[in-house]
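**Student:** Protein chains in written order, with our numbering: chain Y, 6 to 413; chain F, 6 to 413.
No lab work stands behind these hints: they were computed from the structure.
Check each hint, because a few of them may be wrong.
[Claimed, not checked] In silico DMTMM-like cross-links for lysine to aspartate or glutamate, where the CA-CA straight-line distance does not exceed 25 Å:
(1) Y/K242 to Y/E263
(2) F/K55 to Y/E214
(3) F/K185 to Y/D129
(4) F/K86 to F/E61
(5) Y/K185 to F/D384
(6) Y/K40 to Y/D58
(7) F/K413 to Y/D58
2 protein chains.
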Amino acid sequence: MKGNVVVGQSGGPTAVINSSVAGVYAAAKKLGVNKVYGMVHGIEGFLEDKICDLDEYLADEAGIELLKRTPSAFLGSCRFKMPKIEGHEDVYEKVFEIMEKHDIECLFYCGGNDSMDTVKMLSDYAAAHNKSQRFVGVPKTIDNDLPITDHCPGYGSAAKYIATSMKEIIRDNASFGAQKPIVCIVEIMGRNAGWLTAAAALSRGSDCEGPDAIYLPEKVFDMDAFMEKVKELAAKKSSVVIAVSEGVHIADGRYVCELGREVAVDAFGHKQMSGTAVMLAQKVAEETGLKTRAIEFSTLQRAATHLASLTDINEAFQVGHDAVVAANEGKTGMMITLDRNGDDPYQCGTSAYDIHAIANVERKVPDEWITADGTNLTDDYVKYARPLIMGELLPLYVNGTPRHLVRK
Amino acid sequence: MKGNVVVGQSGGPTAVINSSVAGVYAAAKKLGVNKVYGMVHGIEGFLEDKICDLDEYLADEAGIELLKRTPSAFLGSCRFKMPKIEGHEDVYEKVFEIMEKHDIECLFYCGGNDSMDTVKMLSDYAAAHNKSQRFVGVPKTIDNDLPITDHCPGYGSAAKYIATSMKEIIRDNASFGAQKPIVCIVEIMGRNAGWLTAAAALSRGSDCEGPDAIYLPEKVFDMDAFMEKVKELAAKKSSVVIAVSEGVHIADGRYVCELGREVAVDAFGHKQMSGTAVMLAQKVAEETGLKTRAIEFSTLQRAATHLASLTDINEAFQVGHDAVVAANEGKTGMMITLDRNGDDPYQCGTSAYDIHAIANVERKVPDEWITADGTNLTDDYVKYARPLIMGELLPLYVNGTPRHLVRK
Numbered sequence: 006m007k008g009n010v011v012v013g014q015s016g017g018p019t020a021v022i023n024s025s026v027a028g029v030y031a032a033a034k035k036l037g038v039n040k041v042y043g044m045v046h047g048i049e050g051f052l053e054d055k056i057c058d059l060d061e062y063l064a065d066e067a068g069i070e071l072l073k074r075t076p077s078a079f080l081g082s083c084r085f086k087m088p089k090i091e092g093h094e095d096v097y098e099k100v101f102e103i104m105e106k107h108d109i110e111c112l113f114y115c116g117g118n119d120s121m122d123t124v125k126m127l128s129d130y131a132a133a134h135n136k137s138q139r140f141v142g143v144p145k146t147i148d149n150d151l152p153i154t155d156h157c158p159g160y161g162s163a164a165k166y167i168a169t170s171m172k173e174i175i176r177d178n179a180s181f182g183a184q185k186p187i188v189c190i191v192e193i194m195g196r197n198a199g200w201l202t203a204a205a206a207l208s209r210g211s212d213c214e215g216p217d218a219i220y221l222p223e224k225v226f227d228m229d230a231f232m233e234k235v236k237e238l239a240a241k242k243s244s245v246v247i248a249v250s251e252g253v254h255i256a257d258g259r260y261v262c263e264l265g266r267e268v269a270v271d272a273f274g275h276k277q278m279s280g281t282a283v284m285l286a287q288k289v290a291e292e293t294g295l296k297t298r299a300i301e302f303s304t305l306q307r308a309a310t311h312l313a314s315l316t317d318i319n320e321a322f323q324v325g326h327d328a329v330v331a332a333n334e335g336k337t338g339m340m341i342t343l344d345r346n347g348d349d350p351y352q353c354g355t356s357a358y359d360i361h362a363i364a365n366v367e368r369k370v371p372d373e374w375i376t377a378d379g380t381n382l383t384d385d386y387v388k389y390a391r392p393l394i395m396g397e398l399l400p401l402y403v404n405g406t407p408r409h410l411v412r413k
Numbered sequence: 006m007k008g009n010v011v012v013g014q015s016g017g018p019t020a021v022i023n024s025s026v027a028g029v030y031a032a033a034k035k036l037g038v039n040k041v042y043g044m045v046h047g048i049e050g051f052l053e054d055k056i057c058d059l060d061e062y063l064a065d066e067a068g069i070e071l072l073k074r075t076p077s078a079f080l081g082s083c084r085f086k087m088p089k090i091e092g093h094e095d096v097y098e099k100v101f102e103i104m105e106k107h108d109i110e111c112l113f114y115c116g117g118n119d120s121m122d123t124v125k126m127l128s129d130y131a132a133a134h135n136k137s138q139r140f141v142g143v144p145k146t147i148d149n150d151l152p153i154t155d156h157c158p159g160y161g162s163a164a165k166y167i168a169t170s171m172k173e174i175i176r177d178n179a180s181f182g183a184q185k186p187i188v189c190i191v192e193i194m195g196r197n198a199g200w201l202t203a204a205a206a207l208s209r210g211s212d213c214e215g216p217d218a219i220y221l222p223e224k225v226f227d228m229d230a231f232m233e234k235v236k237e238l239a240a241k242k243s244s245v246v247i248a249v250s251e252g253v254h255i256a257d258g259r260y261v262c263e264l265g266r267e268v269a270v271d272a273f274g275h276k277q278m279s280g281t282a283v284m285l286a287q288k289v290a291e292e293t294g295l296k297t298r299a300i301e302f303s304t305l306q307r308a309a310t311h312l313a314s315l316t317d318i319n320e321a322f323q324v325g326h327d328a329v330v331a332a333n334e335g336k337t338g339m340m341i342t343l344d345r346n347g348d349d350p351y352q353c354g355t356s357a358y359d360i361h362a363i364a365n366v367e368r369k370v371p372d373e374w375i376t377a378d379g380t381n382l383t384d385d386y387v388k389y390a391r392p393l394i395m396g397e398l399l400p401l402y403v404n405g406t407p408r409h410l411v412r413k
């Protein structure tokens with residue numbers, strides 16, 4: 006590769022999205038690339054020519070190690086959707102103009118569904134206009150909902166956070182067992198796909214029974230059946246812990262958090278999804294008189310890098326690295342996928358896959374991994390997900406908290 | 006000591022309350038005590054003769070190491086208040102009867118204010134009725150609100166969790182800086198004392214500016230001043246993060262979470278305190294049109310043993326250990342306190358202190374550690390709290406999550 010490269014981060018951050026930037030940087034430098042630029046706030050910032058030179062942070066290998074331990078998007082993220090090409094050629098030309106200005110030959114973009122659409126649009130435009138620049142997508146999403154790839158970098162660490170926190174909550178909730186039952190409802194992210202909520206099942210083991218029920222958005226939520234289940238559990242257990250996806254909805258399509266109250270709408274007109282656990286806990290308290298608790302894992306499930314999965318960190322690094330290798334081989338309009346080659350021991354390789362088959366497609370939890378009664382996950386799911394949460398990377402603790410790498 | 010001993014856990018669990026049980030066990034065994042019993046669900050379970058033999062779990066030192074890494078109350082907790090002696094002599098006689106049945110010479114009780122009252126009542130009863138059994142309190146509370154002792158075991162780990170999570174949230178919230186400001190309100194435990202919320206200030210460092218404002222229950226909450234502060238911050242920053250105690254209240258005494266909505270009351274008639282962050286976030290969104298987020302740290306702040314402070318674990322062990330030493334010297338009606346002997350390097354010893362000066366007394370954050378405008382903590386607070394969050398104890402990871410020790 007003769008020119009320079011640029012890497013950007015887009016969409017909701019994950020605990021390991023920075024490892025992918027580290028992977029891009031390491032591979033490019035190995036190939037002798039002169040400048041590895043970072044887009045400041047994704048393609049939105051890039052369109053305003055906001056970039057940084059990653060040598061400034063990563064030339065010393067200790068910088069790479071710190072970056073791997075830093076949550077959120079080190080470069081800054083954005084939620085910018087490229088407009089359709091027709092009638093907006095100026096936006097596309099602007100991207101290429103800035104790339105040419107900095108002699109950028111390849112653009113790497115870390116993100117989920119929407120971000121892969123950006124890669125698709127840019128590579129389509131390049132193909133249609135006979136431009137030589139290349140575009141490769143680097144998968145990233147805690148939601149684990151990208152197709153083709155076995156799983157998505159970011160998911161393993163979120164799943165490890167969820168499984169670990171769930172174990173801690175289950176122990177905590179059980180401490181008052183001598184009194185009457187306490188019902189704890191834990192709300193987990195995932196509007197359409199239940200992958201994150203499913204990870205609550207990974208808390209199961211010889212020292213933990215796991216949540217008593219898990220409700221995914223893949224199944225219609227039946228309020229009566231839920232209340233029956235809670236009553237049944239509370240009749241035989243002093244501690245009941247239930248995991249629910251923020252995206253659970255009833256038969257008519259309304260989200261559970263919308264029932265019985267007016268749902269706040271933010272300044273952008275989006276429904277504020279949170280409040281499912283609070284709503285269900287209140288309903289249980291009212292109908293049963295039991296003591297209840299509502300817990301929301303909130304943004305910590307994507308930001309808790311102190312508890313990241315080493316497997317996830319390494320794979321996030323790998324997809325960033327292999328995106329550069331693919332681009333160096335002349336590939337464009339591709340996303341790097343993770344391909345599982347074995348389970349025992351777990352092995353995973355990568356390949357480059359046509360972005361058109363990936364952008365804007367959403368993968369849900371397969372029906373056969375949800376138990377027949379719809380309230381738990383099968384062992385096949387656990388077999389799939391367990392390797393993704395394995396291993397730890399020790400944070401660098403300074404003054405009692407993990408040290409992060411921060412852009413100047 | 007010729008007889009056996011028993012140890013119990015009471016009140017809300019902490020990340021390190023089990024280390025105190027380990028400390029009691031280790032000290033008693035060193036002294037040649039035959040049986041170290043655990044109360045199953047505190048004094049409430051003990052009154053029903055529910056005990057376990059700790060040899061079953063801790064005779065192998067690996068058991069002690071696992072117990073230190075286990076959140077919540079290993080023995081089970083309770084919220085049982087001893088009745089006043091007059092007219093309830095039968096309850097007291099029952100305690101002594103069970104102690105005699107198992108040849109128990111000393112009783113150790115790990116807990117906060119209410120639990121220290123149990124130690125006081127039992128030792129008072131023993132003194133009044135010429136009984137030889139001895140009672141020593143082992144301090145435990147994430148709230149850090151016990152008097153006399155420099156700080157309380159449990160606080161350091163909760164503070165480490167809060168400081169670490171706050172850093173991760175601040176990074177996450179900053180990722181979308183290119184768009185209009187996002188205001189994130191984080192709700193932290195502590196109904197009357199602001200120690201836990203103050204710990205948000207420990208996120209400050211060369212890689213993190215810390216929360217933009219911190220509101221403690223020690224200061225009256227002024228809604229207009231709060232809204233002004235938010236607007237002022239949002240005018241100059243793209244990411245605003247604010248920590249609030251669940252116990253903040255306005256001038257007439259009403260809690261902020263009670264304003265503008267009906268507060269749910271649980272089956273016991275207690276106000277459900279949570280909802281402060283949600284309420285404030287909604288108010289900010291309505292009045293400013295800014296995007297907001299509400300995060301509640303929930304029970305994870307007391308249960309996240311995977312992120313416990315090593316200093317805290319060691320001190321929790323120490324107070325359990327030294328309670329046995331004190332009882333062996335014939336002391337009773339005492340609580341073990343932590344006495345700071347130095348700051349650089351930090352050093353802390355213990356002593357036994359009259360329980361009557363401690364039970365039912367609540368210590369708040371001193372006024373001089375709160376900044377003049379009431380929205381942050383001074384460096385003196387940081388100097389006090391920093392040593393308490395230092396050090397880590399690696400969890401034993403099994404299948405990707407921390408392994409816990411669980412009672413059969």
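**Student:** Run every hint past the structure and note whether it holds.
**Tutor:** We went through each hint and held it up to the structure:
Restraint check: the Cα-Cα separation between Y/K242 and Y/E263 comes to about 29 Å, which exceeds 25 Å; the hinted pair is violated. Restraint check for F/K55 and Y/E214: satisfied, since their Cα atoms lie roughly 23 Å apart, inside the 25 Å limit. A hinted pair counts as satisfied when its Cα atoms are at most 25 Å apart, and F/K185 with Y/D129 does not qualify at roughly 31 Å. This hinted pair does not check out: F/K86 and F/E61 have alpha carbons roughly 29 Å apart, beyond 25 Å.
Note on Y/K185 and F/D384: the hinted pairing is violated, with a Cα-Cα distance of about 44 Å set against a maximum of 25 Å. The hinted pair formed by Y/K40 and Y/D58 meets the criterion: a straight-line CA distance of about 7 Å does not exceed 25 Å. Annotation: proposed proximity of F/K413 to Y/D58 is violated, straight-line Cα distance about 57 Å (limit 25 Å).
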